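Q: Could you build all of it, start to finish, from the sequences and the hints given here?
Protein chains: 2
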Amino acid sequence: MFLAQVHVTYKPSILDPQAVAIKNAMHRLNFTTVDAVTQGKYFELTLDVDSAEQAQAQAEAICDQLLANPNMETYRYDVKELAQS
Amino acid sequence: MFLAQVHVTYKPSILDPQAVAIKNAMHRLNFTTVDAVTQGKYFELTLDVDSAEQAQAQAEAICDQLLANPNMETYRYDVKELAQS
Numbered sequence: 001m002f003l004a005q006v007h008v009t010y011k012p013s014i015l016d017p018q019a020v021a022i023k024n025a026m027h028r029l030n031f032t033t034v035d036a037v038t039q040g041k042y043f044e045l046t047l048d049v050d051s052a053e054q055a056q057a058q059a060e061a062i063c064d065q066l067l068a069n070p071n072m073e074t075y076r077y078d079v080k081e082l083a084q085s
Numbered sequence: 001m002f003l004a005q006v007h008v009t010y011k012p013s014i015l016d017p018q019a020v021a022i023k024n025a026m027h028r029l030n031f032t033t034v035d036a037v038t039q040g041k042y043f044e045l046t047l048d049v050d051s052a053e054q055a056q057a058q059a060e061a062i063c064d065q066l067l068a069n070p071n072m073e074t075y076r077y078d079v080k081e082l083a084q085s
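Residue numbers (our numbering), protein chains in the order written: chain A, 1 to 85; chain B, 1 to 85.
Mixed in with the good hints, there may be bad ones.
Just so you know, same-sequence chains aren't split out, so a pair can sit in one copy or run between any two.
Unchecked claim - Straight-line alpha carbon distances no greater than 30 angstroms define the calculated DSS-like cross-link-like pairs of lysine-lysine that follow: (1) K80 / K23; (2) K23 / K41; (3) K41 / K80.
Simulated from the structure, these hints should not be mistaken for laboratory data.
No experiment lies behind these values; they were computed from the predicted model shown.
A: Structure, rendered in structure tokens:
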């Protein structure tokens, strides 16, 4: 079993009003050290495959076909093997 | 400058219908190796502070006061120093 940790965020060229709103809220709460905010989606996929290569191929295909909007978003993923229980 | 990478996910005891729907969609797309799905929010905060300790304290306070709903969600964060540009 492998765990794929997937992060989907907007491309840098896409304006993200939600991130701006979050940053403004932080400043209103006196967290004035916050210089920039990026927000996105996070997924953990438990994959029943035999190798890290298969897990990476699955994660990439799933991101392309389901999790990320290729027009506006980018994704990255890390794969690690889960300890046998 | 420090970067705080924050992950906010539901507590394991909270039923997450959206994660169930995502898993079902994966199976419909023939990604049948997907055994479990967790989904959540991801934030990157650029913090203008002088030490990793300050960055961790800021990240923790921001999670407690703004980013996470303590009733239903848990959070974790990693802090790393950004290279001077």
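Q: Now, for every hint given, state plainly whether the structure supports it.
A: Okay, the hints, checked on the actual structure:
In this assembly of identical chains, K80 and K23 lie within 30 angstroms of each other by CA distance solely across copies; the values are 19 angstroms between and 32 angstroms within a copy. For the homomeric pair K23 and K41, the shortest alpha-carbon distances inside one copy (17 angstroms) and between copies (15 angstroms) are both at most 30 angstroms. With identical chains, the CA atoms of K41 and K80 are at most 30 angstroms apart both within one copy (19 angstroms) and between copies (20 angstroms).
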